[in-house]
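Undergrad: In case you want the letters, here they are:
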Amino acid sequence: MSVYFTKDHEWVRVDGDTGTVGITDYAQGQLGDIVFVEVPEAGRQVDKGGDSAVVESVKAASDIYAPVGGEVIEGNAALADEPSLVNTDPEGEGWFFKMRIADPSELDGLMDADAYRAFLADQ
Amino acid sequence: MSETDLKLPLDAWHRAQGARMVSFARYEMPIQYEGIIAEHRWTRESAGLFDVSHMGQLVIAGRDAEWGLEALLPADLAILKDGRLRYSLLLREDAGIIDDLMVTRRGDHFYMVVNGATKHGDIDHMRTTLPSGVVLDHMTQQALLALQGPKAVDVMARVAPGAEELTFMTGGGFDIGGVRAWISRSGYTGEDGFEISVEARNVGDVAALLVAQPEVKPIGLGARDSLRLEAGLPLYGHDLDETTTPVEADLTFALSKRRRESGGFPGVQRILTELDKGPIRKRVGLFVEGRQPVREGALVVDAEGSEVGKVTSGGFSPTLERPIAMAYVPAAAAVPGTEILVEQRGKIFKAEVAQMPFVPHRYHRKGASA
Chain X
1 MSVYFTKDHE WVRVDGDTGT VGITDYAQGQ LGDIVFVEVP EAGRQVDKGG
51 DSAVVESVKA ASDIYAPVGG EVIEGNAALA DEPSLVNTDP EGEGWFFKMR
101 IADPSELDGL MDADAYRAFL ADQ
Chain S
124 MSETDLKLPL DAWHRAQGAR MVSFARYEMP IQYEGIIAEH RWTRESAGLF
174 DVSHMGQLVI AGRDAEWGLE ALLPADLAIL KDGRLRYSLL LREDAGIIDD
224 LMVTRRGDHF YMVVNGATKH GDIDHMRTTL PSGVVLDHMT QQALLALQGP
274 KAVDVMARVA PGAEELTFMT GGGFDIGGVR AWISRSGYTG EDGFEISVEA
324 RNVGDVAALL VAQPEVKPIG LGARDSLRLE AGLPLYGHDL DETTTPVEAD
374 LTFALSKRRR ESGGFPGVQR ILTELDKGPI RKRVGLFVEG RQPVREGALV
424 VDAEGSEVGK VTSGGFSPTL ERPIAMAYVP AAAAVPGTEI LVEQRGKIFK
474 AEVAQMPFVP HRYHRKGASA
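Chains as they are written, first to last, in the working numbering: chain X, 1 to 123; chain S, 124 to 493.
If you are wondering where the hints come from, they were derived from the structure by calculation, not from laboratory data. All values reported here derive from a predicted model rather than from experimental measurement. Be a bit skeptical, because a hint or two may be false.
Said to hold, decoys possible - Computed footprint of chain X on chain S; a stretch qualifies when at least three of its residues, placed anywhere within it, have a C-beta under 8 Å from a C-beta of chain X:
hint: 1; stretch: 152–160
hint: 2; stretch: 205–217
hint: 3; stretch: 403–416
hint: 4; stretch: 419–428
Glycine included, every Cβ here is placed at the ideal spot set by N, Cα and C.
All chains, full assembly: derive it from the sequences and hints.
TA: What follows is the structure, encoded as structure tokens:
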């Protein structure tokens, strides 16, 4: 199982052809208190870099982009009642959706944990 | 943040307190310290310290200052007693709102606090329209703090003895930690609280003294916005601008009785017509169905999807734990309980016109029990 990161601060944990997507601890810290998350429904097709979810903090709405393309298998229903999971456990319970990755080669341009840490150091 | 943004007198202090700074009203300002919801709740339960030194503090002096200002504002300044504050509006000839402000009679002059983003325009406007002989001084070396919340009075009794005796919308001169200050019982959160004007060179000492009190934490602009939204208080540049009138904005309390009768202020014709016949549209509060906030810029639409109004402020209420908003809607819909539709990014939200304030004010009014 490997985890990849985007420059927009999403992560995708890959297990076979399944990916679990969320936002990083850095991203939730930047957004502040999260009060609403709209996750995609099962069956929806998402494109790499395309809109896949919306997260609303107290002060603003932000689009969340899909790190890779594919079909959504499940949105995290727990976020409807407890959006603050994204603040408290962004890289665990606060995941956004699971998907079937259409083309694993789309993972090639993403960063691993070390590269993402180096990327953050430059922010 | 823009390179041309100005720094507040307390800039280094904010950063040392862990603030995240953003650009606002051409200043670098603290948006949050520990987090907006925690800061919001702290203010409602204890006392929050806000740095509002970006706002314009003005002194308007001269024998003709009273009638000179009455020619620009709908306030009755003739009956304003020494040490009393009034909320008022700088108006255009077409009744559009140039700015909203607080004006205080202070001895032989008037002290005015105007919005940070509009202060230079206000000053130009007043300097060109006030009669000759009236002098407007922009107190650029003056800082402004606000201490807001139910425990603010306990703090003030300790650090600025005597100030706790003030009632809502009154002010006076007091010492706070050995520093001379103008303190008023007023604010922008709906809570009891105080606003404290001190020289910029002393504001670091005063802020440090206040935040050293166990009831006090520093509060950023983010919670300032969510607090004032819950209190139903409009924000200039969002809920008010030069295209909105006092009647549309539901600020008729700022139109004093004598001035309605005697007139003599900009926009009086349109204002009297709107008071008589009702405005076309009106600022209202909204409860938004569901959990997702609607934001400034979202459209109020009719059943066919046509635009009939707009959301001017919107967010999540930490106190009510639901999304709330302010919007301009057709006057016929401006009745609490009316169901309306809002469109945001292609999605339709149901909302209900709500009585404002969303969260009751807790001002310390004269004669009210403590």
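Undergrad: Decide, hint by hint, whether the structure agrees.
TA: Verification of the hints:
Requiring three or more residues with a Cβ within less than 8 Å of a Cβ of chain X, the coverage given for the stretch 152–160 of chain S holds, as 5 such residues are present. Only when three residues or more bring their CB closer than 8 Å to a CB of chain X does the claim for the stretch 205–217 of chain S stand; here the count is 0, and the claim is violated. Check on the stretch 403–416 of chain S: 3 of its residues sit with their Cβ under 8 Å from a Cβ of chain X, so the three-residue criterion for coverage holds. Interface restraint, the stretch 419–428 of chain S with chain X: violated (0 residues with C-beta to C-beta distance below 8 Å; minimum three).
Checked against the numbered hints given earlier, this structure breaks hints 2 and 4; the rest are met.
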